[in-house]
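My request is simple: use the sequences and hints to build the entire structure.
Now for the letters of each chain:
There are 2 protein chains.
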Amino acid sequence: MMRKFNIEVVEKLRCLIAASDSVRISDFIRHYPAIDFAEMVSELEDTEIAGLVRLISDDELASLMEESEDRERIRIARTLDNRRLLTAFEYMQKDDIVDMLGDFPIRRRKELIRLMKSSDQAIINNLLKYPEDSAGGLMTTDYIALHDDLTVADALDSIRHEGPKTDLIQTIFVIDSRRNLIGSISLRQLLTAPKETQIRRLMDAQVISVTPEADQEEAALLVSRYDLYAIPVVSRAKQILGIITVDDIIDVIIEEYNNDMLQLAGVNVEEDLNSTWKESVRMRLPWLLVNLATAFLASFTVNLFQSTIQQVVALSAVMTIISGMGGNAGTQTLSILVRALSRQELDKKEILHHLLKEIAVGVLDGASCGAVTAIVVFFMYHNGFLSLIVLLAMIGNMFVSAIFGFLVPVILQKCHADPAVASSIFVTTATDTLGFFIFLGLANLTLPLLLR
Amino acid sequence: MMRKFNIEVVEKLRCLIAASDSVRISDFIRHYPAIDFAEMVSELEDTEIAGLVRLISDDELASLMEESEDRERIRIARTLDNRRLLTAFEYMQKDDIVDMLGDFPIRRRKELIRLMKSSDQAIINNLLKYPEDSAGGLMTTDYIALHDDLTVADALDSIRHEGPKTDLIQTIFVIDSRRNLIGSISLRQLLTAPKETQIRRLMDAQVISVTPEADQEEAALLVSRYDLYAIPVVSRAKQILGIITVDDIIDVIIEEYNNDMLQLAGVNVEEDLNSTWKESVRMRLPWLLVNLATAFLASFTVNLFQSTIQQVVALSAVMTIISGMGGNAGTQTLSILVRALSRQELDKKEILHHLLKEIAVGVLDGASCGAVTAIVVFFMYHNGFLSLIVLLAMIGNMFVSAIFGFLVPVILQKCHADPAVASSIFVTTATDTLGFFIFLGLANLTLPLLLR
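Order-wise, the sequence lines are chains A and B.
Basically the numbering used here = 1-based index in the first sequence + 54.
Basically the numbering used here = 1-based index in the second sequence + 54.
Hints may be right or wrong, so weigh each one.
As the list makes no split between identical chains, a pair holds if one copy fits it or if it spans any two.
Calculated cross-link-like contacts (lysine to any residue; reagent style SDA-like; alpha-carbon spacing at most 20 Å) [as the list claims (entries may be wrong)]:
| id | residue 1 | residue 2 |
| --- | --- | --- |
| 1 | K402 | S329 |
| 2 | K249 | A207 |
| 3 | K171 | R255 |
| 4 | K66 | L505 |
| 5 | K402 | L327 |
Bear in mind the hints are in silico, worked out from the structure with no lab data behind them.
Here you go:
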């Protein structure tokens, strides 16, 4: 079951805050998963949040901030002075602190970093160097790395000591004397191996890793392909810098997919249901204007054939079917290609073979849809020649849609643009414009026959 | 870096198979991650695979089959007799065996189950009951569950013994004397707690779980929300039946998103680049025909206004802009709604408020795009009245697109249809048909003014 809370629970929390009952608030917090509690807090007013943070302990505050959404975090931070915030930071993972600092106004961020211990300052400043969506921006510096000359018994002792600082102990990384990553070992192996064995002899020397500059999507691909619980981030010199755990990878995967879906529809990823109407207009209008430009392209094509349409006005009703169906078929081809590209399934040597298959499919689908359309059109206008043109134009436009649906994503990928997002507009522009051109052009060429 | 192999590596494997060099094949296998090896094997011919499986050990065979794609697995299984397959099963997780059996011809499946030990038979038959996309179909029965009265020392001893059988030991589940799930404990806690403490005192009694009948998407939502490494599957009576590990959850998330994307484009999720042209036509044509039906709806609307178009032929070029832009704006609204619905962010009490906002955004975007279009149209046709109609129709169609883009996904969700997949066709049908109707209708009503 989805553990959801209802509004009465929030009311109860409100009462506890009003009563300044810190003992029962502590019980309350223990009773719910941290993320559920963070969601309840997001329902509170600013003054209630200010009351709450005075009543909870530093580690409860740290957990609340870690689980809160970005904008809620800023609301909570506004109720805290720098001293309190710094003590809460002590209980947080460094990567979460960096994320949080990124959301703060620049002046407060600098102030807070200046007030930190110099060892923390160095780590934080180092992490701040990496873009938020890079492997470096995603990694945590809290992980267990053990020297390869330790015995199993020593290793287990270290883990007992370092364990509380890290989230994941399923996988332990092994480093040499220069802190270079040379292997990994699962805790399962450590627990079952003889105590005196050196961990170097047990470790798996095939460690999958990423560089800090790598895109977060690359880290996600590796974690999902190799079923990892964590992936280490290493410098070019192979020094271990941090790890990315699988829960953060899941967030990346969901975020990337949602962004792809939204961008495909021309929606800014920053927009949500709660954006104001001003924000929404500002974010959506640019995409609509780009589409307007492409719509004009199709419109100008129609305009070329004004006199033909005036003589056979039925063309104006049928032309939208031809262009629309080309768009639909092109989107199908496009989607198959985008998925194949993202899974790296498209073999260069077979491109021509696949393209020819898509064209064959396009022509056959075009012939089928064209035949149905031709029949309906015949019953509407009783003009056999018009029906023939409809059939030919449908086949022609589906031929075009197969070529564009195939080549546009391939070319965009070559140009290092994201085919999932950008392909659609190029393909539909082509199928609209060329769909009108083929249909009206055919009609124009054969006008005497059409009018007979 | 993505650890990819090149074609020479496959050639090397081919040579080792031809030379029947089982020692060097074993070295070869150890040298690559199991999934990479499985991909190399997928490049081999059937006869080479038959040669390979004779040269590798049972556990190497098990790992190869676990990491192979469904259709490759079947190819490998065809080269094996039942005895060999059953020994390989000994090294596999039960959920993987069940997945594999599901792909086999029904006769062979029954034969294999009949030949199993009766204890395995019971487990397999039980797992086969659940649909492949349910929590029960996804779970493994290899996990660690400890009785609540054990001490920490006893618990660690059990883990040392049971560890090798299970994949994940980060989280250990705690059961009472009736095997009911009553809590969970992290291995980290166990390692650092005093040896004589009962684990009942250390465990977290708030365990998030799913029932075996639950949809796999529900399990994925919980794992991602609560940052779990595994989620237990429990019966209604709270007995633990199995667990789902996070690597399987990642596969579910990726699969669900890919399916959504493809279905949105009218592509059957079974189709891929390697489908034959016959399969592709058979799978794509139905969706194209559905779209054709909706395209006729728009076409009939245009047909109603034949005589108007004949008198002002410019209408035919401009009308496609109005309908197309409505579709684009509707898709934007739709995407925002689909995401909000999937995240359960749409508060029922605020539906009217959000709808009014969308309408306001639609009208404003419509006014902006309409003004630009009106100006361009004026320079094309020098007809101020036509420009005025363009502006009004654009505002009207964007008003329509906001209402449909908002309500279609909400209503589909109410009807338990997937709004991510089905919304698009309803919204674009509405914006096409009503877009033509509003624009051509306005032109028809004011024809004398247009012709002046």
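Taking the hints in turn, this is what the structure says about them:
1. K402 to S329: Result: close only across copies, 17 Å inter versus 44 Å intra.
2. K249 to A207: both (5 Å within a copy, 16 Å between copies)
3. K171 to R255: neither (38 Å within a copy, 36 Å between copies)
4. K66 to L505: Intra 79 Å, inter 69 Å, cutoff 20 Å: neither.
5. K402 to L327: The answer is between: 13 Å across copies meets 20 Å, while 42 Å in one copy does not.
The structure fails hints 3 and 4 (numbered hints given earlier, in ascending order).
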